[in-house]
Amino acid sequence: MNEMKLLRGLAGEMPLPAPADLGAARARLTATIAADPAAGRPATIAEATASDPDPSDGRPAGPPPSHAPKPVLAAAQLMYGGAVGTVVQLIVALVFIGDLNAYHLTVLGHHLSSAQIGHLRLLIITLVIVVGLILIALWLWMARAVRRGSNWARVLSTVLCGLATLELAGSQGVAQLSLAMLTWLTGLAAVWQLWRPASAAFFSRRRELR
Amino acid sequence: MRQRRGPAVANDAEVIASSRREPERFAVLFDRHAPYIYRYVARRAGSQVADDLVAETFLVAFAKRDRYDLGHADARPWLYGIATNLVGQHHRDEARQYRIGQATVADPGVPGHAARVAASVTAQATRPLLYAALVALPPGDRDVLLLIAWEQLTYEEVSRALGIPVGTVRSRLHRARAQTRRMLAGTDAAATYEEITTNE
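From first to last, the protein sequence lines are chains A and B. If you're matching positions, the first sequence starts at 66 in the numbering used here and goes up one per residue. If you're matching positions, the second sequence starts at 7 in the numbering used here and goes up one per residue.
Chain B with its partners taken away, still in its complex shape (with noise of 0.2 Å):
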């Protein structure tokens, strides 16, 4: 989870806010949320091409910082939402990205508790799967599932982020988490997993 900032430093809103008249100023939001974007689009389009979208998505955020809503403390959604939009059109990156997913093994982590062994050993096994119903899902559907599931934001800030009503949001939410499950269900994995979560 990321850390919040103390009371004194200045909000998302009133940098952008200030940004208007000191455009200086909105390199603070590139240094405060940049490595966040970064790691973000690198897990959907690959590191090769993350740098170019985390500076493109900062640019365009700075060209549209006049029409960014001050009511909205945090800028995060409107962030994620500029750099989904240009992961969009990397839609071969993300696909090449996710088969890379598929065919690369994990690292097993640190040996320890039985229980974690075989979760992360699942989790190598369901990897694979994963990734390809990543491929497979619609791209509205898989925005808001990686922003729900990678980047923890809330239904609302998906809603702000992509411009769609939340019941939309919780409509492809549904829909993705379906499809995903349906692609993971009969495996033995999921029965491994099935069996840990069980006894946890």
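Chain A extracted, bound-state conformation (with noise of 0.2 Å):
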């Protein structure tokens, strides 16, 4: 038996494509060719700048830009959509700090009196507020390194997605607990859509082109 020939039997049954069948791809490579630095000038004088310094014109040098994938951007959107969650979060964090002595703090396994309570507010509203903008930076960081299609920021949100996790366990009250949960989800969706195969390609690519 010539299992060669059967193949080829399976290859013969898909015919070429038609030239509009590869519109869209072209359409892609074109625009990335027009922002190459040395489209659109003549060779002569492509030649005679390429030992300029600088021949980006004051542009940073790097990859050529390209396209997110539908995937990457939703991710980006989901991982805006989670800083204005922890915006939220953080804003009700705030207003509970304001009644702290309702809560039964215990710190290292002391269970905090009411004047301890009082006495270390101000280091807890502190320490809110900063954890809270470190959170907000981070997510709009990632958002933006995605979009770029860094590798290390497809890792780092699904690290800091699995830490994230771990912060549900220390939300307290229903109101605080569901938007934990909701923002939890919101990163969940982002690393998703992070890792399917269009968006790994992508970043595969950026990757080869650095």
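Worth double-checking, as some hints may not be accurate.
Stated by the list, open to error - With a straight-line Cα cutoff of 20 Å, these simulated SDA-like cross-link-like pairs (lysine to any residue) come out: (1) B:LYS70 <-> A:ALA99; (2) B:LYS70 <-> A:ALA100; (3) A:LYS135 <-> B:GLY52; (4) A:LYS135 <-> B:SER53; (5) A:LYS135 <-> B:ASP57; (6) A:LYS70 <-> B:ARG183; (7) B:LYS70 <-> A:ARG93; (8) B:LYS70 <-> A:ASP101; (9) A:LYS70 <-> B:ARG187; (10) A:LYS70 <-> B:TYR161; (11) A:LYS70 <-> B:LEU179; (12) A:LYS70 <-> B:ARG188; (13) B:LYS70 <-> A:ALA133; (14) A:LYS70 <-> B:GLN185; (15) A:LYS70 <-> B:HIS180; (16) B:LYS70 <-> A:ALA92; (17) B:LYS70 <-> A:PRO102; (18) A:LYS70 <-> B:THR160; (19) A:LYS70 <-> B:MET189; (20) B:LYS70 <-> A:SER269; (21) A:LYS135 <-> B:GLN54; (22) A:LYS70 <-> B:ALA184; (23) B:LYS70 <-> A:ARG213; (24) A:LYS70 <-> B:LEU135.
Rather than coming from a laboratory, the hints here were simulated on the basis of the structure.
Assembly of the complex is requested from the two constituent chains, each provided in isolation within its own frame, with the hints serving as guidance.
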């Protein structure tokens, strides 16, 4: 039996695509070519400026810009949504801090008295604000980095999502827990989008371009 | 078989060399090879992702054109190599494509000579087994088998495409063919095929 002949028989079932089928792919290539620093210049000029120490005309050097696929854009949008969610969480947390005494705070196994809580109020408020702002900055940073195609941002986002799972356990009250759960689910959805095949191909290509 | 170009037309290496100074020239390479790359990735990963994969293939190639070895006039192996790497990242789509192939009944084609009809029937009967065999193959072996069987690249071209020694191409092909044969062996379709090819 000649399995190669049989395989070729399978291949013969698919015709070559019509030019219209390749229009979108060609358009992406044309857009990338147009963004190339040497594009649009006659060859003689390109050759004459080959020794130019700054051929980019002030533009930052690096790989040509590339349009991120839909899953990556969706992930970035979700991350912006996560940042908004964290802002809301921060506001809710600050509102609840006004009634800190209602909480039975325990630090390292020691139950804090009302007096101790009152003494630590400023420290707790500062900590909540600082941590909240760091989290918001992380959301925005990750969103921008994944849109650019940084693979480290994809990995770091996944790790942060894992760590955020721990944060759920520390949430108190229905409002806080619901918000934390909603924000966590947003992060989880973003991470899922980042690991879809189209996203993987995009990050891989960006890595190769670097 | 692909039609060869006339002597007046620049070969792929010349196009790539000129595209380093005039990037617009790279579109020539797309127009020349994109339909074949499209068909290759569509066969492997499905038409739904083929458009995206073709675009990615040529974007990667464009970005890496400075590293292309101009000693090779034909850029097909290089492009197939990039496309194959990208298909490898879509392994779920590829497995789904083969499962669809297993389930779909092919068109028997135009009726004619008895042997041709029998061959067509045999091809249909072996089709699910062939796709099952492709799914079962290790990815590296499958890459070699399909580049040779479907795209008709030579051993040397596959070696260039995948960045592996020619000896490895041979051994992977041998392994892939043996495994495919084992999966087809003993079926009625295989027996019919043997009968047809023996009588030819």
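Going through the hints against the structure:
no.: 1; hint: B:LYS70 <-> A:ALA99; verdict: holds (16 Å)
no.: 2; hint: B:LYS70 <-> A:ALA100; verdict: holds (15 Å)
no.: 3; hint: A:LYS135 <-> B:GLY52; verdict: holds (18 Å)
no.: 4; hint: A:LYS135 <-> B:SER53; verdict: holds (18 Å)
no.: 5; hint: A:LYS135 <-> B:ASP57; verdict: holds (14 Å)
no.: 6; hint: A:LYS70 <-> B:ARG183; verdict: holds (11 Å)
no.: 7; hint: B:LYS70 <-> A:ARG93; verdict: holds (16 Å)
no.: 8; hint: B:LYS70 <-> A:ASP101; verdict: holds (13 Å)
no.: 9; hint: A:LYS70 <-> B:ARG187; verdict: holds (12 Å)
no.: 10; hint: A:LYS70 <-> B:TYR161; verdict: holds (17 Å)
no.: 11; hint: A:LYS70 <-> B:LEU179; verdict: holds (14 Å)
no.: 12; hint: A:LYS70 <-> B:ARG188; verdict: holds (15 Å)
no.: 13; hint: B:LYS70 <-> A:ALA133; verdict: holds (19 Å)
no.: 14; hint: A:LYS70 <-> B:GLN185; verdict: holds (15 Å)
no.: 15; hint: A:LYS70 <-> B:HIS180; verdict: holds (15 Å)
no.: 16; hint: B:LYS70 <-> A:ALA92; verdict: holds (19 Å)
no.: 17; hint: B:LYS70 <-> A:PRO102; verdict: holds (15 Å)
no.: 18; hint: A:LYS70 <-> B:THR160; verdict: holds (16 Å)
no.: 19; hint: A:LYS70 <-> B:MET189; verdict: holds (15 Å)
no.: 20; hint: B:LYS70 <-> A:SER269; verdict: holds (14 Å)
no.: 21; hint: A:LYS135 <-> B:GLN54; verdict: holds (14 Å)
no.: 22; hint: A:LYS70 <-> B:ALA184; verdict: holds (14 Å)
no.: 23; hint: B:LYS70 <-> A:ARG213; verdict: holds (19 Å)
no.: 24; hint: A:LYS70 <-> B:LEU135; verdict: holds (14 Å)
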